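For the protein sequence lines, the chains are A and B, in the order given. Counting in the working numbering, the first sequence runs from 1 upward without gaps. Counting in the working numbering, the second sequence runs from 1001 upward without gaps.
No lab work stands behind these hints, which were simulated from the structure alone. Just so it is clear, the structure is predicted and the values come from calculations on it, not from any experiment. It is possible that part of the hints are untrue.
What the hints assert, rightly or not - Not everything, but these chain A residues come out facing chain B in the computed CB check (under 10 angstroms):
{"hint": "1", "residue": "Glu80"}
{"hint": "2", "residue": "Arg82"}
{"hint": "3", "residue": "Gln91"}
{"hint": "4", "residue": "Leu94"}
{"hint": "5", "residue": "Phe95"}
{"hint": "6", "residue": "Pro96"}
{"hint": "7", "residue": "Gly107"}
{"hint": "8", "residue": "Lys110"}
{"hint": "9", "residue": "Ala152"}
{"hint": "10", "residue": "Leu165"}
What the hints assert, rightly or not - Under the rule of at most 25 angstroms between Cα atoms (straight-line distance), these lysine-lysine pairs were calculated in the BS3-like manner:
{"hint": "11", "chain 1": "B", "residue 1": "Lys1121", "chain 2": "A", "residue 2": "Lys83"}
{"hint": "12", "chain 1": "A", "residue 1": "Lys83", "chain 2": "A", "residue 2": "Lys102"}
{"hint": "13", "chain 1": "B", "residue 1": "Lys1052", "chain 2": "B", "residue 2": "Lys1121"}
{"hint": "14", "chain 1": "A", "residue 1": "Lys76", "chain 2": "B", "residue 2": "Lys1121"}
{"hint": "15", "chain 1": "B", "residue 1": "Lys1163", "chain 2": "B", "residue 2": "Lys1021"}
{"hint": "16", "chain 1": "A", "residue 1": "Lys71", "chain 2": "B", "residue 2": "Lys1052"}
{"hint": "17", "chain 1": "B", "residue 1": "Lys1121", "chain 2": "A", "residue 2": "Lys138"}
{"hint": "18", "chain 1": "B", "residue 1": "Lys1051", "chain 2": "A", "residue 2": "Lys76"}
{"hint": "19", "chain 1": "A", "residue 1": "Lys102", "chain 2": "B", "residue 2": "Lys1121"}
{"hint": "20", "chain 1": "A", "residue 1": "Lys110", "chain 2": "A", "residue 2": "Lys138"}
To be verified - Partner residues aside, some chain A positions facing chain B, computed with beta carbon under 7 angstroms:
{"hint": "21", "residue": "Asn51"}
{"hint": "22", "residue": "Leu53"}
{"hint": "23", "residue": "Lys83"}
{"hint": "24", "residue": "Met87"}
{"hint": "25", "residue": "Asn93"}
{"hint": "26", "residue": "His97"}
{"hint": "27", "residue": "Val111"}
Heads up, the beta-carbon is just placed ideally off N, CA and C, and yes, glycines get one too.
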Amino acid sequence: MTHIVEMKGMNKYFGKLHVLKNIDLTVEQGEVVVIIGASGSGKSTLIRCVNGLEEFESGKLVVDGQALAPKGGNQKALTEIRKEVGMVFQQFNLFPHLTVKKNVMLGPMKVKNASQVVANATAERLLNRVGIGNQADKYPSHLSGGQQQRVAIARALAMEPRLMLFDEPTSALDPEMIGEVLDVMRELAKEGMTMMVVTHEMGFAREVADRVIYIHEGQIVEQGKPDDVFDNPQNERTQAFLSRVLAH
Amino acid sequence: MEFQFQFDWQAAIDSIPFLLKGIPYTLLISFGGLLIGFVLGIIFGLLSINKKWFLRWPATAYIEIFRGTPILVQVLFIFYGLPDLIGSPINPLTAGIAAIALNSGAYISEVVRGGVQSIDKGQTEAGLSLGLSRTQTFWSIIWPQAFRRMIPPLGNQAIVSIKDTSLFSVIGVGELVRQGQIYIANTFTAFEVYFVVAILYLAITLSLSLILRLVERRGLASV
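Bound-form chain A, shown alone:
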């Protein structure tokens, strides 16, 4: 297997706050990695470094063969990486001035110079796949949160990414809509998509993840197969965290 993400001794600061401490992490092609941890532990920051939405201060980060330099250096690599890495946000971040279909068409047309016809066909195919095909001409604000997030997934998939980043994709959703979004992600995992998922959905993590990573105060404290991490956590911090989140 080949590494699609490789982090070595990566450090990240927000001012004086040391958010990511000496992170070593590799993600293999086709792997689903779920990152868990308390709020403020640095788990979102970690995946935001992968596509350069956050800069890091020191260490090594290679994504899809492109080495990113600390402090936002190597913009060229960043441009290449972003074409290959899709991202889904907690707040969906759909473009409100464009219809659902235009949201999905924008990336291929602007970045890959896809023709209107090709981009349109791709958008229709992907919207059908996430179950929004019949809403293609509506504006995002006319859709429910769950539907919007599924559009956001389709929008990212339109770029045919080699890696998908999910930053708490269900945290802003009403409880009854979480399932429909997780279903789409589950399908995606089944089809072999490489995924890094930050989530509080422990059931999803246990079922879909190849590997679960627990982050505490910017450090990877524990990682392993979901059953091992959830049923038999080795680190006492992991134990404490899991007893809190699994208690209810």
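Fit chain B to the supplied structure of chain A, relying on the hints for placement.
The following block gives chain B in isolation, referenced to the frame of chain A:
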């Protein structure tokens, strides 16, 4: 002696054809100036939020200077002051358009800045994540949304600028107020003529308000 004022309708009506001759100038100065002001506003508004200080500072200086001094002083400076510097006279129409352009440009810069900054940074992140460049992200994602939010304050600025042109009677542009002054000098019917002048301004600004309201409704319908 008893004094009784009577509004002379005939005098008011008689003044209309002469006053109407001022309207093309009022409109030319306002909209000519606003058009240039809009371009200046986009340029300096965007420069004023640039990360590079050597782009940001001059833009901020321009905005502060033209917002912080009266437009009457600005137009007097352009019309009477600048010719000393450049060595040739400036015609009053040009001076008027320049004053509206520079003055509204400063206010519109602030409108542009506010509009752009009001867009959630998640929009930029979503654009960049798709692989769009910063420029592409700005023009295809941020600007269309920001522009929609800018329409009401832009309309407001247009109305202010239209009324500001009335001050340019002092440099002798034949706009609405100037026409009124000339007419009154011959007829001494100040009350009636200024009444008509006011009504004509109101007609222009109300039409504009109406158009803007329609534009706004159409623009917002899609969001």
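### Query
Which hints, by number, does the structure contradict?
When the structure is compared with the hints, none of them turns out to be violated.
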